[in-house]
Amino acid sequence: FLGAGGGNDIQWCFSQVKGAVDDDVAEADIISTVEFNHSGELLATGDKGGRVVIFQQEQENKSQSHSRGEYNVYSTFQSHEPEFDYLKSLEIEEKINKIRWLPQKNAAQFLLSTNDKTIKLWKISERDKRPEGYNLKEEDGRYRDPTTVTTLRVPVFRPMDLMVEASPRRIFANAHTYHINSISINSDYETYLSADDLRINLWHLEITDRSFNIVDIKPANMEELTEVITAAEFHPNSCNTFVYSSSKGTIRLCDMRASALCDRHSKLFEEPEDPSNRSFFSEIISSISDVKFSHSGRYMMTRDYLSVKIWDLNMENRPVETYQVHEYLRSKLCSLYENDCIFDKFECCWNGSDRQLLTFFLPPLCSIVMTGSYNNFFRMFDRNTKRDITLEASRENNKPRTVLKPRKVCASGKRKKDEISVDSLDFNKKILHTAWHPKENIIAVATTNNLYIFQDKMN
Amino acid sequence: MAALLGTGTRAEETEQEKQDVQEKEAVTLERAEEAKLKAKYPNLGQKPGGSDFLMKRLQKGQKYFDSGDYNMAKAKMKNKQLPSAGPDKNLVTGDHIPTPQDLPQRKSSLVTSKLAG
Numbered sequence: 001f002l003g004a005g006g007g008n009d010i011q012w013c014f015s016q017v018k019g020a021v022d023d024d025v026a027e028a029d030i031i032s033t034v035e036f037n038h039s040g041e042l043l044a045t046g047d048k049g050g051r052v053v054i055f056q057q058e059q060e061n062k063s064q065s066h067s068r069g070e071y072n073v074y075s076t077f078q079s080h081e082p083e084f085d086y087l088k089s090l091e092i093e094e095k096i097n098k099i100r101w102l103p104q105k106n107a108a109q110f111l112l113s114t115n116d117k118t119i120k121l122w123k124i125s126e127r128d129k130r131p132e133g134y135n136l137k138e139e140d141g142r143y144r145d146p147t148t149v150t151t152l153r154v155p156v157f158r159p160m161d162l163m164v165e166a167s168p169r170r171i172f173a174n175a176h177t178y179h180i181n182s183i184s185i186n187s188d189y190e191t192y193l194s195a196d197d198l199r200i201n202l203w204h205l206e207i208t209d210r211s212f213n214i215v216d217i218k219p220a221n222m223e224e225l226t227e228v229i230t231a232a233e234f235h236p237n238s239c240n241t242f243v244y245s246s247s248k249g250t251i252r253l254c255d256m257r258a259s260a261l262c263d264r265h266s267k268l269f270e271e272p273e274d275p276s277n278r279s280f281f282s283e284i285i286s287s288i289s290d291v292k293f294s295h296s297g298r299y300m301m302t303r304d305y306l307s308v309k310i311w312d313l314n315m316e317n318r319p320v321e322t323y324q325v326h327e328y329l330r331s332k333l334c335s336l337y338e339n340d341c342i343f344d345k346f347e348c349c350w351n352g353s354d355r356q357l358l359t360f361f362l363p364p365l366c367s368i369v370m371t372g373s374y375n376n377f378f379r380m381f382d383r384n385t386k387r388d389i390t391l392e393a394s395r396e397n398n399k400p401r402t403v404l405k406p407r408k409v410c411a412s413g414k415r416k417k418d419e420i421s422v423d424s425l426d427f428n429k430k431i432l433h434t435a436w437h438p439k440e441n442i443i444a445v446a447t448t449n450n451l452y453i454f455q456d457k458m459n
Numbered sequence: 001m002a003a004l005l006g007t008g009t010r011a012e013e014t015e016q017e018k019q020d021v022q023e024k025e026a027v028t029l030e031r032a033e034e035a036k037l038k039a040k041y042p043n044l045g046q047k048p049g050g051s052d053f054l055m056k057r058l059q060k061g062q063k064y065f066d067s068g069d070y071n072m073a074k075a076k077m078k079n080k081q082l083p084s085a086g087p088d089k090n091l092v093t094g095d096h097i098p099t100p101q102d103l104p105q106r107k108s109s110l111v112t113s114k115l116a117g
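Protein chains in written order, with UniProt numbering: chain Y, 1 to 459; chain Z, 1 to 117.
Extracted from the complex, chain Y is given alone in its bound form (with noise of 0.2 Å):
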């Protein structure tokens, strides 16, 4: 591991797209949210039409030394349905806003999937043998008269073809007014937290009958509303941390031993800015999309609608690094105004872990943060080396083994070769969801309705 990092950087190869080919996109199809397990073994997919998708890797073939294991459709299931409440005049998307998995405790695989207002605990298991040879039953599961019978014999499990069923095993439900867009499971792996624009709630994953309020930022007159909360997380390490973001770009950090109603943050992030220097969208594009621990739990990543920025938890006033997605952006606000597009919430992630024991305490070798951008490309910054790249998820890049090509978007004046201008980007070709394998160079990223999966070159 000494030569990883550093002075290599990884060149990105195309593996595999799931999806269909056709232009047309069905709503249902949209992707929504894509998140690989702990072990990177299971990546799950949810989309609008509620339904998730669950790949899983391939054992590695000792004669295929030269690509990681492929992934192929593990399960899939309808999680969410659309409601209407009838009370309210509401219709209740079906659409998966976020799924999170439960690390492995048992032969069953665990995930949380939430919609608007409704989180489900559902079970993923496999069967791989069934009994036969009842005394009582025929094989195609009709009674036999008993009378018929006249010897006995202990029935057997015989293996048969893997089946993999999906079983919701807890419905929390009804306590959110307002649409949730988080969930995170604490690292005491026994409660966990779902945040909506007004309300942070904490559950424990058995009890589905109660939960506790933990942030109220609701006005007492609603007129008064200024902001709402974007996105929210459990540290990765301390079991009573968690920190939430908001619309208006800043980072609250609470502690529950504090007390019970965490309204009043223990720390605060937010960035300095002159007011004089603030127009009409400033407040707009400064609301964070999303907020995300480091592996190590020092920092923590924000998204907002042009940067990334480093955060150390150590220094509340200003990030630590801050980097910039698209800045070329920035000179056509106004039509991304008009189109809804500045409005789009990009979310972002690290690459993953790679704490091994004797460099546990140093800095990581190697830590990449990536988030994606339009016209289906996607940005990775290199926090060591500073260096970032763009790419591009495209069915034209289709060879696997086949080093991707960095692309360059030309903000203003003469366009080079191979450059793409500002205007020629297609808006509606939106990256939001992009995860990274906990363990290996290997990363998924989903474009409006394709599910793309990149690994390193292997030598």
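To be clear, the hints were calculated from the coordinates, so they are not data collected in a lab.
Ideal Cβ placement from N, Cα and C applies to all residues, glycine included.
Careful, some of the hints might be misleading.
[Claimed, not checked] Okay, the calculated beta carbon distance ranges per label pair:
| no. | chain 1 | residue 1 | chain 2 | residue 2 | range |
| --- | --- | --- | --- | --- | --- |
| 1 | Y | Asn240 | Z | Arg57 | 27 to 37 Å |
| 2 | Z | Ala32 | Y | Glu273 | 12 to 22 Å |
| 3 | Y | Arg210 | Z | Tyr41 | 43 to 53 Å |
| 4 | Y | Ile30 | Z | Gly68 | 52 to 62 Å |
| 5 | Y | Glu273 | Z | Arg57 | 18 to 28 Å |
| 6 | Z | Lys76 | Y | Glu81 | 29 to 39 Å |
| 7 | Y | Glu81 | Z | Gly117 | 19 to 29 Å |
| 8 | Z | Tyr41 | Y | Glu321 | 29 to 39 Å |
| 9 | Z | Ala75 | Y | Met163 | 57 to 67 Å |
| 10 | Y | Asp255 | Z | Gly68 | 25 to 35 Å |
| 11 | Z | Ala32 | Y | Glu83 | 42 to 52 Å |
| 12 | Y | Asn240 | Z | Glu15 | 36 to 46 Å |
| 13 | Z | Ala32 | Y | Asn384 | 29 to 39 Å |
[As the list claims (entries may be wrong)] Just some of the chain Y residues that point at chain Z, by a computed CB distance under 7 Å:
| no. | residue |
| --- | --- |
| 14 | Lys18 |
| 15 | Val228 |
| 16 | Ser279 |
| 17 | Cys334 |
| 18 | Lys417 |
Keeping the supplied structure of chain Y fixed, place chain Z upon it in accordance with the hints.
Chain Z in isolation, oriented as in the chain Y frame:
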């Protein structure tokens, strides 16, 4: 002291100057975009960002009819002919009296995802 600090300080200053210039550029670009927007929509809310978006966001999903509106519309139209389904079938509220045919078919997605295909 300044002499000892030498090139280090100067480099820092140019870095800070660079940042300031970038910031000013950014602000100019934003203001230009704001002017474009205000030219197109002169009645745009005076308060930048703020409540309008937030309220709209909180009310996402509001649909179909309000029984109060329904009754008011019914009362208003006592002497008029009942209107037939207007062009805007999705906004079934206000003066339009909804009928089951007007409400858009809510297709549930019980079809396997194409990702699994």
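Outcome of the hint check:
no. : hint                              : result
1   : Y:Asn240 with Z:Arg57: 27 to 37 Å : holds, 30 Å
2   : Z:Ala32 with Y:Glu273: 12 to 22 Å : holds, 19 Å
3   : Y:Arg210 with Z:Tyr41: 43 to 53 Å : holds, 47 Å
4   : Y:Ile30 with Z:Gly68: 52 to 62 Å  : violated, 34 Å
5   : Y:Glu273 with Z:Arg57: 18 to 28 Å : holds, 22 Å
6   : Z:Lys76 with Y:Glu81: 29 to 39 Å  : holds, 37 Å
7   : Y:Glu81 with Z:Gly117: 19 to 29 Å : holds, 21 Å
8   : Z:Tyr41 with Y:Glu321: 29 to 39 Å : holds, 36 Å
9   : Z:Ala75 with Y:Met163: 57 to 67 Å : holds, 59 Å
10  : Y:Asp255 with Z:Gly68: 25 to 35 Å : violated, 45 Å
11  : Z:Ala32 with Y:Glu83: 42 to 52 Å  : holds, 45 Å
12  : Y:Asn240 with Z:Glu15: 36 to 46 Å : holds, 39 Å
13  : Z:Ala32 with Y:Asn384: 29 to 39 Å : holds, 36 Å
14  : Lys18                             : holds, 5 Å
15  : Val228                            : holds, 6 Å
16  : Ser279                            : holds, 4 Å
17  : Cys334                            : holds, 4 Å
18  : Lys417                            : violated, 27 Å
Violated hints, in rising order: 4, 10 and 18; the structure is consistent with all others.
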